[in-house]
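Asker: Residues per chain, in single letters:
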Amino acid sequence: MKQIFVRPDRCMACKGCETACAVQHSADKTLFSAVLQSPPPMKRLFVEAAEGIRMPVICRHCEDAPCLRACISGCLYRDDHGFVRRRKERCIGCWTCIMLCPFGVITRDREKHIAVKCDRCHRLDVPACVNACPTRALVMAEPEEVAADRRQKAVRAESGG
Amino acid sequence: MNYIIIGGGIAGITAAKAVRRRDAQAEITMISAEKTCPYYRPLIPLLIEKGDADVTYAEDPISEYKINLLQDRVVRVALQERDVVLASGKRPGFDKLLIATGSRPVIPGIEGISGPGIYTLRTVDDALRINAAVQGVKKAAVIGGGFVGIKAALALIRRGIEVIIIEQLGQILSRRLDARGAEIVSEALARRGIKIMTGSPVSRITHDSGRITVRLESGSTTEAGLVVVAAGVRPDIEAFRDSGIKTGRGILVGETLETNVPGIYAAGDVVEFRDLLTGRPCVSGLWSNAEEMGRIAGSNMAGDRIKFEGFLPVMNAADIAGIPLVSAGIIEPVEEGHETVTDDRPGRYRRLVFRGDRLEGALFIGDVRNAGIYVNLIKNRIPLGGLKEKAASGDLQYVHFIKTPQPGRLAV
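Chains A and B are the protein sequences, given in the same order.
Under the numbering used here, the first residue of the first sequence is numbered 826, with each subsequent residue one higher.
Under the numbering used here, the first residue of the second sequence is numbered 6, with each subsequent residue one higher.
Here chain A stands alone, though its shape is the one from the complex (with noise of 0.2 Å):
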């Protein structure tokens, strides 16, 4: 199944992913009414920079999900797709998603009173982060074809050619 890839080389740091990502996750899922919204609607993934390097971080939806394992109310679960998602009316606030996650992608709805996190846009074939970003730092593949092309690239460095 294709998975998201972040390529941080090609990230600018323009958040056109947490917009699209907040957008989607917005009431009308437009950009005009999402900005009038209040509270704003949040989004699911972080532009993060560091010295020499920038990229958007994202849920992982582990395949050993601390997030999930330690879950107190039922909240969390794996939908069919293998996403980790919310059961909404199940959260009680009590954060230990945020404590256990090593990400640092849940935060809180401090309006709703219940953690949020990215669903992997699960109704979208391509999720809003991916489609929005212009560089192709995010992009949706297939593991065995990322792996393939960065061993290819690491040959022809060595190789000279």
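Keep in mind that a hint or two might mislead.
[As the list claims (entries may be wrong)] Under the rule of at most 16 Å between Cα atoms (straight-line distance), these lysine to aspartate or glutamate pairs were calculated in the EDC-like manner: (1) Lys22/B with Glu69/B; (2) Lys395/B with Glu876/A; (3) Lys395/B with Glu873/A; (4) Lys200/B with Glu228/B; (5) Lys312/B with Glu263/B; (6) Lys937/A with Asp324/B; (7) Lys827/A with Glu969/A; (8) Lys913/A with Asp934/A; (9) Lys978/A with Asp834/A; (10) Lys22/B with Asp889/A; (11) Lys913/A with Asp59/B; (12) Lys827/A with Glu967/A.
In short, the hints are calculated from the structure, not lab data.
Mind docking chain B on chain A? Use the hints.
Answerer: Same frame as chain A, but now just chain B:
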């Protein structure tokens, strides 16, 4: 293969799932003394507020993982016969056994501490008893200012009665919060109308036709119609004391979570094992640790050899009276050699405790964003390398782990 799991809490349930994933043919029998099983134990304070709150699993693991559930109480384990003696007289035999009995509330040795109107909060039944007892009561006293006591107090105040928390130490949530943290949380509780008395142990409790008087060593007294004793928990090992299975404060286990008796494992609150940071033996009492131990014990029972490194006896997330907080590791170091950094601003308090090149403690109050990055540094004992300064600033993000010399387990 016959597997018996004693206890239907999170350790037992997670172990049963792990066994089933590895062994489709396994006979898995779970013995639980509780009528309601399984359920999410951390949710039971909700039952004090609302007796019909849903605390059960969204997907029932008993049917999904084909577990035979027996409502019964274990009297003892017979090692020679390799069976378990139950209160009903039944003696199911096992090839592999998991002790996951969890813990029981500590009842301090105080005169008058048992009797009508005095409750503990550990099970669904306990919570429902408190729920029923609130009717007609004007004031409740909670003995113990830990998480259970505080959650009980918040539930009771939402029922519209007066609540006082009595904590014998100088602050609430000791070991989990430093003095400043306790002050912030205490103020939030006070805003909800909860009174807190710290610094004096209870000396005596007297009963007078339904009215309970709690007397403190300091001389002050509190009258209450209902008392919740929330003075901590201890491993539930009564049934195993003279069985030949080694016990200390809890059931003693090795790194695979097997006891001294081959084929008998233990997981969760009942276990005594090493503190990840100090290496000293301790008991956990925490849900997420029990989940991890259950998964490892279950896998190992079914043939794996996964090592359990130990746990952090402090690793809590909570939302208390509208204030989010995360606390993990060593918050108030008692030994030499720790450096402490605090950051106190309106709406955000952070305390980070370093020892050499490692983070050993983190307290986030008000703003818990990225707390997981810090907790993972503590839990996985990751050397900080060049990131110590960044970590101390409180602004560490995932991106800082990319292309660092010692990325540890967090790197891609």
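Asker: None of the hints should be skipped; say for each whether it holds.
Answerer: Here is how each hint holds up against the structure:
1. Lys22/B with Glu69/B: With Cα atoms ~9 Å apart, Lys22/B and Glu69/B stay inside 16 Å; holds.
2. Lys395/B with Glu876/A: 12 Å, holds
3. Lys395/B with Glu873/A: 14 Å, holds
4. Lys200/B with Glu228/B: The hint holds at about 13 Å.
5. Lys312/B with Glu263/B: 10 Å, holds
6. Lys937/A with Asp324/B: 13 Å, holds
7. Lys827/A with Glu969/A: Distance ~9 Å between Lys827/A and Glu969/A Cα, so the pair holds.
8. Lys913/A with Asp934/A: 11 Å, holds
9. Lys978/A with Asp834/A: Distance ~14 Å between Lys978/A and Asp834/A Cα, so the pair holds.
10. Lys22/B with Asp889/A: 14 Å, holds
11. Lys913/A with Asp59/B: 14 Å, holds
12. Lys827/A with Glu967/A: 4 Å, holds
Of the hints listed earlier, there is not a single one the structure fails to meet.
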